[in-house]
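Q: Respectively, the protein sequence lines represent chains A and B. Just add 2 to the spot in the first sequence (first one is 1) and you have our numbering. Just add 3 to the spot in the second sequence (first one is 1) and you have our numbering.
The set of hints was computed from the structure by calculation and includes no laboratory data. Certain hints may be false.
What the hints assert, rightly or not - Straight-line alpha carbon distances no greater than 25 Å define the calculated DMTMM-like cross-link-like pairs of lysine to aspartate or glutamate that follow:
| hint | chain 1 | residue 1 | chain 2 | residue 2 |
| --- | --- | --- | --- | --- |
| 1 | A | Lys222 | B | Glu386 |
| 2 | A | Lys29 | B | Glu386 |
| 3 | A | Lys216 | A | Asp177 |
| 4 | A | Lys222 | A | Glu173 |
| 5 | A | Lys192 | A | Asp207 |
| 6 | A | Lys29 | A | Asp177 |
| 7 | B | Lys12 | A | Asp139 |
| 8 | B | Lys12 | A | Glu123 |
| 9 | B | Lys341 | B | Asp153 |
| 10 | A | Lys216 | A | Asp33 |
| 11 | A | Lys215 | A | Glu173 |
| 12 | B | Lys199 | B | Asp111 |
| 13 | B | Lys12 | A | Glu129 |
| 14 | B | Lys182 | B | Glu237 |
| 15 | A | Lys29 | A | Asp74 |
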Amino acid sequence: MSTPLIRLRGVTKTYERGGEVLTVLNKLDLDIEKNGFYALMGPSGSGKTTLLNLIGGLDQGESGEIVVNGEDIARMDGADLATWRASHVGFVFQGFNLIPVLTAQENVELPLLLTNLSRSERRKHAEVALALVGLSDRRSHRPSQLSGGQEQRVAIARAIVTDPMLIMADEPTGDLDRKSAGEVLDLLTKLNEAHGKTILMVTHDPAAASRAKKIVNMDKGRLGDVVDNQPVAQR
Amino acid sequence: MFPTRLVFKNLLKHKLRVLLTVASIAIAVFLLCALQSLVVALDAGVREAASNRLIVQSKVSLFVYMPESYKAQLERVSGVERIVRWNWFGGYYQDPSNFFAQFATDADALLDVYPEIQIVEGSAKDFIDDQRSCIIGAVTAEKYGFKVGDTVPIIATLFPRTDGAAWDFRVAALYRSLKKNVDENTLFFHSQYLDKSIELGEASGPSGVGVFVLRTAPGVDQTALMSEIDAMYENGPQVVQTTTEAEFQAQFVSMIGNVPFFVNSIGTGVMIAILLAALNTMLMSAREQTRDVGVLKALGFQDGSIFGLLMAQSLVMCGIGGGIGIAMAKMLEPGMAKFLGTMFPGYEVTSTTLMMAAGLTVGIGVLAGIAPALRARSMHVIEALRATA
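In isolation and in its complexed conformation, chain B is listed as follows:
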């Protein structure tokens, strides 16, 4: 039989040392889960992008506007069912630190093209009918205490009002999203309100459309359709680039650099550092147990049991640390999601992340334990007993 009791008693022999190592592993695993969840958040738009939506944007840059007239032309293209415009508004609520995304859009088309946007309070009809109204994601609404019927003043940066006042949007409804590709932080309002205000000289700012989102008909050859649209504007006035929604999201993420690689590099560094800490603890512990190993072998315990004894200590120590780290990552998920909500709206500690963390924890346990365990296993009983003298 395996001396199970010895596994725990040896671990508890130097409580502070083991406690510090366990705490280090817990923090490292938590950090790893959090970093991986950021990558998941960044990737959410790509992963959950709709397959029946295409994005048309200026080939020059996302920040170069296309003429309004493109909308009518695109509507006539065979295979295009519906079009919705998206224009970045770039304002803030009361203070620049209170940032959340706002988009001028086509209200009725938005809810049609994006069925994942679900009105949970208020009325979609109210939003569609009132051009000065807006819908707000439930997360932002909860954060700032916005309720249906409230007026939300947004101070514009790209489209300032000529009287210097804020733009007022009446909250017609709050929404939640069924998929991660649409966050629950955004304020959507009517493009018509923006266009008319600029037209009447009540506000200033660039004219045109930032992005057209097209819903395509079932069975359409999207590659051919994208080529056709790009060809339509080959000679201007604004050359366009048509992509799938997934490509667009991936391109958007890549604009801020290769974040997944950066984040994964940090995570790898953290895990290597913690592996060395765990290995150091196990080497010290194994060295202190050399005499005990000799005694156990003299009593008749097999080399395999000795190997198992050391490996079990490493796995238990790393397992406890990793388990705490994983539990922390899951328990703090709502708080982290809220804290990172605006920048990483899709923050989620997925089961894949937890499995990966558990796997890495076991891996660290094995790597930290295998060298001292092999040494103890191969040590001759006389040599081990002499080490005591």
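Isolated chain A (complex conformation):
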């Protein structure tokens, strides 16, 4: 097996609630391959989102190492982690999380403010990303003027506009109807297959999980089987 893009070793994450220490992730080991499309599945409270947040650099564990493309992000401080997120990860959230006062175009341009691109270059990049998700004609619309599916596609455009290697999707179809969910999953599949993005997706939906190449099962903070889902994805 080739060197994994992401390697987790002995990752532990605990929370303290009401004086009680809850172990959400317990000495977890996992390898994520480059260009993989992983679905993290499991019951509520199994630690899926926590794991996604740790790999995405949104949160930090108590112990263990998380090496992404050769960098141990578990040892980075908050500022370095923010810089790392800006250039390596794109996030897609269940609730879309677009900035309501900005237009679709402005929302997509937002991550590009952290790059050295000029204003016109930022605009062009955002236009390309919006075209990729099929929303060129909605770029002047605010989130409140878009449907849920369109909002999530704008969020995907925002996630890919900086061309990150990783896309973290937390229940991306959770708030969508079947048709819109299908469109979003088509997009994620396209990003993985045509653009080589490594995707980690938390989902409860078996239909959504069936689009992934591998399914990682979790329960009570521990990893279960990692199932190769290739035949289903190809279907």
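Mind docking chain B on chain A? Use the hints.
A: Same frame as chain A, now just chain B:
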């Protein structure tokens, strides 16, 4: 790069709320400038008092008169160059509401001792030569439409004419003042006219002199001179108090109470109230932006940028309000000066007042923004994102 666009878009999200806060800040800053300008007006006489003038008044009170004979005695004191008498006349033009100050004085000495009084229309010689003439400040002249050559009837209260008629003064000239210690609202006329009228029984009223203004020679030790004059009348007939012009003005202002403290207290109260209003707006705005803060942090914006985003919103909101207030204070200055002319003749919105208002505006912006900005800065990205759910 800083998300500048978000600063303005977030402010415009709740237009009415921000508009009301901006309007409150604008009115408060305008009020503060106006109040401070009143203090400046009250202080103008002290600030711009001449250093070569001394004031001699009764030690009992400003309203107790000194004998006329003091003038000749004071003229013989070494170091005294010139003396001018000032007597409060206390009349009004046509109606008691048309009040402006009138003083009986020594015409030629007045213009000599007060070089800041500049004749701008008419003739000083005409004023000096005609004992029934007067000079009037340009502001009062403009207010009532007095012109050179007009006769101004003044109804006396302290010195009524025995025939019940008004005192008639021919306007020989209009003056402007080069300094704020002399206002442009006063009517000056000849003491001789007043004295002679009382002497001939044409008018009644207290005799004597309210105030002597002495111009001292260059290089004179004024402290010694003041002591010498006070000592001259230690045994009466009227004990006097000699002060510098600045002291006299300060004493005059203090007669109406500690106005600067009172006015500044009101100003402070207004600013505290407006700080709380601005803080309330910013706290509401920041709470609504919690999810956005989480999103921005997730995208890679640093904590410093988040802090700056909230602080900038507060500073822009307060800056716009304060800027409008400052502009209003400056634009309405001529109207306010005219409106308050008689009571506060030195009303002026100085650059110091404007700088102070600008500084306070920035201070309010910082204080209103710092708590929500610090909260947003320190908030963990996951915590901020969860706040949306």
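Q: Each hint: holds or not?
A: Here is what the structure says about each hint:
no., hint, result
1, Lys222(A) with Glu386(B), "holds (22 Å)"
2, Lys29(A) with Glu386(B), "holds (24 Å)"
3, Lys216(A) with Asp177(A), "holds (23 Å)"
4, Lys222(A) with Glu173(A), "holds (19 Å)"
5, Lys192(A) with Asp207(A), "holds (19 Å)"
6, Lys29(A) with Asp177(A), "violated (32 Å)"
7, Lys12(B) with Asp139(A), "holds (22 Å)"
8, Lys12(B) with Glu123(A), "holds (22 Å)"
9, Lys341(B) with Asp153(B), "holds (22 Å)"
10, Lys216(A) with Asp33(A), "holds (12 Å)"
11, Lys215(A) with Glu173(A), "holds (17 Å)"
12, Lys199(B) with Asp111(B), "holds (18 Å)"
13, Lys12(B) with Glu129(A), "holds (21 Å)"
14, Lys182(B) with Glu237(B), "violated (34 Å)"
15, Lys29(A) with Asp74(A), "holds (16 Å)"
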